[in-house]
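A.B. asks: Chains as they are written, first to last, in this note's numbering: chain A, 1 to 340; chain B, 1001 to 1340.
FYI, nobody ran anything at the bench for these hints, they're computed from the structure.
Remember, predicted model here, so these are calculated numbers, not experimental data.
Ideal placement from N, C-alpha and C gives every residue a C-beta, glycine not left out.
The reader is advised that the hints may include incorrect statements.
[To be verified] If you want a taste of the chain B side facing chain A, the calculated C-beta under 8 Å gives, among others:
id, residue
1, K1075
2, L1093
3, G1222
4, L1283
5, E1288
Number of protein chains: 2
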Amino acid sequence: MNIYDISKLAGVSTATVSRVINGFDNVKPATRNKVLSVMASQGYTPNAFARGLGLNTMKSIGIMCADSSDMYLAKAVYFIERDLREAGYHCILTCTGYNRDSQRQALSSLMSQHVDCIILVGSTFIDKDNKNNKYIYDASSTVPIMMLNAALEHKGIYCVLCDDYTATQTATLDLIDSGRRDILYLFNSYSYSAEKKSSGYRSAFELRNMTCDERYLQFFNGSSQDIEGVCSFVNNLHEKGLNFDAVLASDDFLAVGALKYAIRKGIRVPAELSVIGYNNSILTNCSEPELSSIDNHLELLCQNLVKICIGTLSGESMPQKTVFGGELVHKKTTLRIEKE
Amino acid sequence: MNIYDISKLAGVSTATVSRVINGFDNVKPATRNKVLSVMASQGYTPNAFARGLGLNTMKSIGIMCADSSDMYLAKAVYFIERDLREAGYHCILTCTGYNRDSQRQALSSLMSQHVDCIILVGSTFIDKDNKNNKYIYDASSTVPIMMLNAALEHKGIYCVLCDDYTATQTATLDLIDSGRRDILYLFNSYSYSAEKKSSGYRSAFELRNMTCDERYLQFFNGSSQDIEGVCSFVNNLHEKGLNFDAVLASDDFLAVGALKYAIRKGIRVPAELSVIGYNNSILTNCSEPELSSIDNHLELLCQNLVKICIGTLSGESMPQKTVFGGELVHKKTTLRIEKE
Chain A
1 MNIYDISKLA GVSTATVSRV INGFDNVKPA TRNKVLSVMA SQGYTPNAFA RGLGLNTMKS
61 IGIMCADSSD MYLAKAVYFI ERDLREAGYH CILTCTGYNR DSQRQALSSL MSQHVDCIIL
121 VGSTFIDKDN KNNKYIYDAS STVPIMMLNA ALEHKGIYCV LCDDYTATQT ATLDLIDSGR
181 RDILYLFNSY SYSAEKKSSG YRSAFELRNM TCDERYLQFF NGSSQDIEGV CSFVNNLHEK
241 GLNFDAVLAS DDFLAVGALK YAIRKGIRVP AELSVIGYNN SILTNCSEPE LSSIDNHLEL
301 LCQNLVKICI GTLSGESMPQ KTVFGGELVH KKTTLRIEKE
Chain B
1001 MNIYDISKLA GVSTATVSRV INGFDNVKPA TRNKVLSVMA SQGYTPNAFA RGLGLNTMKS
1061 IGIMCADSSD MYLAKAVYFI ERDLREAGYH CILTCTGYNR DSQRQALSSL MSQHVDCIIL
1121 VGSTFIDKDN KNNKYIYDAS STVPIMMLNA ALEHKGIYCV LCDDYTATQT ATLDLIDSGR
1181 RDILYLFNSY SYSAEKKSSG YRSAFELRNM TCDERYLQFF NGSSQDIEGV CSFVNNLHEK
1241 GLNFDAVLAS DDFLAVGALK YAIRKGIRVP AELSVIGYNN SILTNCSEPE LSSIDNHLEL
1301 LCQNLVKICI GTLSGESMPQ KTVFGGELVH KKTTLRIEKE
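Just chain A, same shape as in the assembly (with noise of 0.2 Å):
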C-alpha cells in the first residue's frame, strides 16, 4: 500500500494524497475527507506521524535534563542521544529546571506525546524522603522510565548509576592515608547523589577509626558558573578558624576553586594542601596543576542506560538497577600513597 494505491482508491492525484498528507490548506474538506478514510480503512501509514496515530510507534524517546548547558549533564545527553539515533529513535529534549513543578509539568508534556519511553538524567527528578515522587511512579506504569545517576524500585523504573558512595568513601581514605587529617568536603547539592557522595566521605572515618568533624562540611550555596565565589567561600572558611590539609569536592568547580584559593595564598599544591574533584571533566585540566578528581565513567553509563532501554521497548527482561564504580583519577594535586 502506497500513496499511488490510495490515490487510486480515493479517485483522486497522489498530488492531492501527498497535499493531505502534508496539512496543506488547498484541498476541499470533501477531498480531504475521502483521503483520510481511505487512508483510515486501508491501515495506510505515509510517515512517523501517522504512525502515532494508533497503528506503530513513533520511536520516539523523551529526555528530561533539569539543565542541558551543565556540562556534565550536556554530555550525559549527547552520549544518550547519540546510541539512540543509531538505534533509530529520534530524542525529544526537555530541560526541566531544579523546581519540581515544572519537572512534573515536563514529564507530563512528554507523556501527551506519546513517547516510547521517558530518560530522566541526573538525580534531581526524586526526594530522597520518597514524598514527592508519585509522579514518576504514576507515569511509569505507562511508559517505561529510565533513570541516570538516581535510583527509585518500582515496576517499569530502571536505573544506571555510578557508586558515588563507594567512590567518595574510596578518595576519602586516598587522602586519610596519604597523611591527611583535616579533610574540607565541599558540595552544592541535596540530590540523590550528592547525598550519596557526603555519606561515603563521612564512612570513610568510620573505616579508620577517626571522628568525622560535621563542620568540615560546608555547603556551598552557588551557581556552577561562580568560581570565584567558591575561591572566596574558601577563604573566608580559612580566616573564620578552619584548617585544613586537602579539600574533596562534590563537582570539579568547587574544587577549582579551591585550587585558586590556595594558588592565591601560596599554598603549596599537593605539598601543603591536597585537592580532589568530581567528575573529571575538563574543568581538571584547565588549572594548573591538574586537578584530581573522581571520574564516574559517565559514557559507560549512558550505553548501558540506552542498551537496558532498548532492550526494554523490545520486551526484553532487563535488569532494574545497574550499578557501575568510580575511579580517583590522580594527576597533580594529590600525593601519591607509598605502598609498602
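Once you have looked at the hints, place chain B on chain A.
C.D. replies: Same frame as chain A, but now just chain B:
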C-alpha cells in the same frame, strides 16, 4: 467533537476508541478501521500525534547541532530549547557530528518527522564555497531554516549571528594598541565563523598599516578536550623559533592551553604575554590568572533566533539576517590601554 462523540458515531465504547487511539492490539481490525474512519471523517484530532496527520502541526522544532557535548553548542541548545518550550513548542534534538553526509541524513530525518522548523546550531553545516549547501536550500523550500552563527542568503533561511569578524579585529587592535607586535593566532576550525575570525585578525594589521605574518596563524588539529596538547603545541612553536608576545585564540580551550604553557615556562602574564580567548566560557574562570575573552552574547543570539522562528511560523515577516556585535571582556591576561 470529543472521544464520546466518536464512540457514538462509530457505535463502540469510549474505551475502544481510546484503545485505537493509543495503539493497543486488543481491537478487531474491522472495529479499528471503523473508528479510524469516523475520526478521519470528523477531522477529530485526539492528541499531538494525530495533529501531525495533515490536520495541524505537532508544534515541534528540529534542532541540529554537531556535538551537544561541546560546551558552547550545549549552552546554545539550552537557551533555544528553554525559549521554545515556553512558547509551547517541543524540540527534537539531533547531534550530527561534523561529517556532511551525516548532517544531510539528519536533516532529512527531521524533515520526515514533519517538524515545523529546523534550527542549525553552529556554523559547521555549510561550506564557504557554497558547493555543498544545496541540501539546506532544498529543505528551506519545505520548512523555515534558522541558522545560529552562520549565514546563507536564500528564501526561507533566517540567520542570527555574532559579528565574529569585527570582534576578532577589535581584540587584535586592542593587543596591537597595547604594544604587542607578535600576535600568535590559534584556531582549530575552518568553519564559516572560524573564517570570519581569521579574516578579522588579518584585517587589524591592515588597519594599523602593519603586515600580517602568515606564520602567526596556527591551526591546532586536536580535540577541544586536549588542553595539554595545546600547551605542547604552543611550546613547540616557541622552540621552533616563533617569538610572540600575545596569543589570540578562536576558542577558550586554545587560550587556556597557551596560558598553561606560559605558567609552566614562568612567563609573566600579562606583563610579558597577553592571552585572549573566545566565547567567554567557564574555562576562562578556571585558570589563574583568569582569561580575557571575547563574549559573543550567545544567550541574546538564541533569544532572537527563537523570536524570529516563532514570528516566521506565525506568518509574520521577519528579518533574514540579524547580526549582533561581540565584546572583548578584559580579565587578567591583557594589558589595559592607557586612554589619552
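A.B. asks: Hint by hint, say whether it matches the structure.
C.D. replies: Evaluation of the provided hints:
1. K1075: Constraint on B/K1075 satisfied, holds at 4 Å.
2. L1093: At about 4 Å, which falls below the 8 Å cut-off, the nearest Cβ of chain A leaves the hint on B/L1093 intact, so it holds.
3. G1222: violated (13 Å)
4. L1283: Interface hint status for B/L1283: holds (5 Å vs cutoff 8 Å).
5. E1288: Holds, because the Cβ-Cβ distance from B/E1288 to chain A comes to roughly 5 Å (cut-off 8 Å).
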